[in-house]
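Enquirer: Sequence:
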Amino acid sequence: MSTLAAAPPRDAVAGDPGRLRRALGAFATGVTVVTVGGPVPRGMTANSFTSVSLDPALVLLCVGNDAVMNRTLAEADTFAVSVLGAGQEDVARHFADRSRPLGAAQFEAVDWLPGEATAAPLIAGAAAHFECAGWRAYEGGDHTIHVGRVLALDELPGQEPLVFHGGRFRRVAQQPRGGRS
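The letter at position 38 of the sequence shown is residue 38 when you use my numbering, and the numbering goes up by one with no holes.
If you're looking for bench data, these hints aren't it; they were derived computationally from the structure. Idealized CB from N, CA, C, for every residue including glycine. Hints should not be assumed to be uniformly reliable.
What the hints assert, rightly or not - Computed spacing ranges between beta-carbons, pair by pair:
(1) 108 <-> 67: 29 to 37 Å
(2) 124 <-> 68: 20 to 28 Å
(3) 104 <-> 71: 17 to 25 Å
(4) 169 <-> 39: 27 to 35 Å
(5) 156 <-> 93: 14 to 22 Å
(6) 64 <-> 168: 18 to 26 Å
With these hints in hand, go ahead and build the complete structure from the sequences.
Expert: Structural data, given as structure tokens:
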């Protein structure tokens with residue numbers, strides 16, 4: 001006899017988006033800033049970023065259909081993703097703030113450098129940078145799944161990432177040396 005409970009009815013999740021959000025919050029994610037360069041650069045905080053393939057090198061991010069960044073990515077040939085470091089919560093909050101200035105002015109509050117492959121702003125001090133060419137986009141309910149082919153990358157070895165878990169920014173707990181995993 002199995003100790004597993006029966007799966008809930010499919011519509012039980014759809015009826016309670018708050019419960020779904022809380023349950024998804026149990027999964028810790030990294031925090032990124034997605035950027036697009038050009039005459040009107042744009043940035044947005046995102047935690048829905050992951051690898052797809054090593055060959056070809058593909059990554060994906062999910063952006064709400066009603067977000068300005070969704071339209072920006074649909075029109076752009078390239079974009080960049082900066083994986084934020086543990087000390088960059090203020091950067092994450094800045095690019096999540098819908099009242100921040102538009103265009104180049106939104107980057108005046110942070111240190112950044114232009115990507116060599118895309119010219120998109122890369123957040124200085126980030127744990128890693130990925131510069132990408134748009135590859136495919138897929139419908140995903142109330143979000144669009146944007147897949148990018150990695151053109152260039154850089155990383156800061158030993159940089160601890162910023163993590164989002166349970167609705168809060170957190171740091172990765174360091175395991176003592178010699179400890180068991």
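Enquirer: The structure should be examined with respect to each hint, and the outcome stated for every one.
Expert: Hint check:
1. Evaluation of the 29 to 37 Å hint for residue 108 and residue 67 yields a failure: the beta carbon distance comes to about 21 Å.
2. Evaluation of the 20 to 28 Å hint for residue 124 and residue 68 yields a pass: the beta carbon distance comes to about 23 Å.
3. Between residue 104 and residue 71 the beta carbon distance is about 18 Å. The supplied range of 17 to 25 Å therefore holds.
4. Checked against the hint of 27 to 35 Å, the pair residue 169 and residue 39 passes, with Cβ atoms roughly 32 Å apart.
5. With their beta carbons about 21 Å apart, residue 156 and residue 93 fall inside the hinted range of 14 to 22 Å.
6. Checking the proposed 18 to 26 Å range against residue 64 and residue 168 shows it holds: the Cβ atoms sit about 21 Å from each other.
Consistency note: the structure conflicts with earlier hint 1 alone.
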